[in-house]
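Asks: Sequence:
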Amino acid sequence: MATLEELVKAITQLQSEVVSSKDLTNSLAERVSQLQNKVEKKEQSPTGVSWPATAAEKEVQLPKQYSSYEDVFDEKEAENLPPHRSYDCQIDLVPGGILPNCRVYALSEHENQHLRKYLDKFLENGFIRPSKSPTASPLFFVPKANGELRTCIDYRGLNKITIKNKYPLPLIRVLLEQVKKAKIYTKLDLRGAYHLVRMREGDEWKTAFKSRYGLFEYTVMPFGLCNAPAAFQFFLNDVLREYLDIFAIVYIDDILIYSDNENQHVQHVKKMLAALRKHHLYCKLTKCEFHVTTVEFLGVILTPQGMVMAEKKVKAVSEWPIPKTVRDVQCFLGFANFYRRFINHFSQTVAPITKLLRKKEKFVWSPEADQDFSTLKEAFSTAPVLTHPDADRPFIVEADASDVAIGAVLSQ
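Under the UniProt record's numbering, the first residue of the sequence shown carries the number 1, and numbering increases by one thereafter.
Rather than coming from a laboratory, the hints here were simulated on the basis of the structure. Glycine is no exception: its CB is placed at the ideal position from the N, C-alpha and C atoms. Just so you know, not all the hints are guaranteed correct.
Unchecked claim - Keeping only pairs whose Cα atoms sit at most 27 Å apart, straight-line, the calculated DSS-like set for lysine-lysine is:
1. K144 <-> K117
2. K278 <-> K121
3. K377 <-> K315
4. K324 <-> K360
5. K377 <-> K359
6. K144 <-> K312
7. K355 <-> K315
8. K271 <-> K144
9. K76 <-> K144
10. K270 <-> K64
11. K355 <-> K324
12. K284 <-> K121
13. K64 <-> K76
14. K64 <-> K271
15. K180 <-> K312
16. K362 <-> K377
17. K284 <-> K64
18. K132 <-> K121
19. K76 <-> K278
20. K64 <-> K183
21. K181 <-> K312
As the list claims (entries may be wrong) - Just the calculated beta-carbon pair ranges, DEER-fashion:
22. P130 <-> D154: 16 to 24 Å
23. S86 <-> A399: 42 to 50 Å
24. P130 <-> I163: 22 to 30 Å
25. E75 <-> V364: 37 to 45 Å
Based on the sequences and whatever the hints tell you, model everything.
Replies: As structure tokens, this is what we get:
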């Protein structure tokens, strides 16, 4: 079994390759500046592994071998109203449910300017239309990391009376296991994602939203509907079924293509791009990566040698403020629990913090909880590289238990 030092050395040798980053919201100028700063300072990640420049720090260009698929990355094509299909998003309401009718949220002048542009563009594309719906949800904005505004509709009232779609989202851990033998990756990010799916005819009125400039309804699937993730996952799973777990994995709008070698990978990517074109699905080139040996996907960094926590996730934990309420504790544990596989004795370490979630317990941030909070932060910053298992070698299971936790380690 390779030692951690050997794995770190192997991964460090990938410095000339491109890795991914989910943080793709900065402008190109900012990304270039960040890259220059990293080169000058020779920064290292908290895990001790020096990573190559991320996709967010490079201008992405479509490789020449895929030039015949330029239309799949065309922004104008993605702005065309998609056709009605059997995958249209439907909203079935609970019988007797009370339709929401919320007040208009007050917006700043800057937000109103953004709203006018949003309405003009979406009306022109046919993504929304004026409505006479008996129900309406409010519109608001949240800031993006780059200072721009994200348009949001508060569909909580509608979601409460919507019959839930039980189609499952794939387990992230299971998805990541599919790529364990891969040597090369391409990551595709769908442009507009949900807007690539139409609303079922007759259901558009249910998506109506209020604004200062009137009442409108969506003809495409908007963000915020409780059934949108399930509907979109079903759509992609069905149209890409022949490729799933063969050379591709899909999680909502994120697609990862993986292969054993370069020649094989080119064919895999071409098949995927052809399928996307066939079903009127388009990608955002600046968020895609092609033919890389290190890639960030679903919160972890994948390499042929194994996986580690994404650097920005480690940073998020290290900068997490001390929880002051039960809700704060729930948020922290929800985030930390996703990465528990990287942390030895995770359950035992978080036990004093978990106690704060008990309904009969008064919320008191004790010195013990504070110590374990710091210990957990340190554990994240020194998390190991998890190697991919080799089915041809024997596995070793080590188990342990105490009064507060049980645990096990699978190794080779």
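Asks: Look at each hint and say if it fits the structure.
Replies: Consistency of the hints with the structure:
no.	hint	verdict
1	K144 <-> K117	holds, 17 Å
2	K278 <-> K121	holds, 25 Å
3	K377 <-> K315	holds, 9 Å
4	K324 <-> K360	holds, 17 Å
5	K377 <-> K359	holds, 26 Å
6	K144 <-> K312	holds, 16 Å
7	K355 <-> K315	holds, 25 Å
8	K271 <-> K144	violated, 34 Å
9	K76 <-> K144	holds, 23 Å
10	K270 <-> K64	holds, 12 Å
11	K355 <-> K324	holds, 14 Å
12	K284 <-> K121	holds, 18 Å
13	K64 <-> K76	holds, 21 Å
14	K64 <-> K271	holds, 16 Å
15	K180 <-> K312	holds, 23 Å
16	K362 <-> K377	holds, 24 Å
17	K284 <-> K64	holds, 17 Å
18	K132 <-> K121	holds, 20 Å
19	K76 <-> K278	holds, 17 Å
20	K64 <-> K183	holds, 21 Å
21	K181 <-> K312	holds, 25 Å
22	P130 <-> D154: 16 to 24 Å	holds, 20 Å
23	S86 <-> A399: 42 to 50 Å	holds, 48 Å
24	P130 <-> I163: 22 to 30 Å	holds, 27 Å
25	E75 <-> V364: 37 to 45 Å	violated, 53 Å
Checked against the numbered hints given earlier, the structure breaks hints 8 and 25 and satisfies all the rest.
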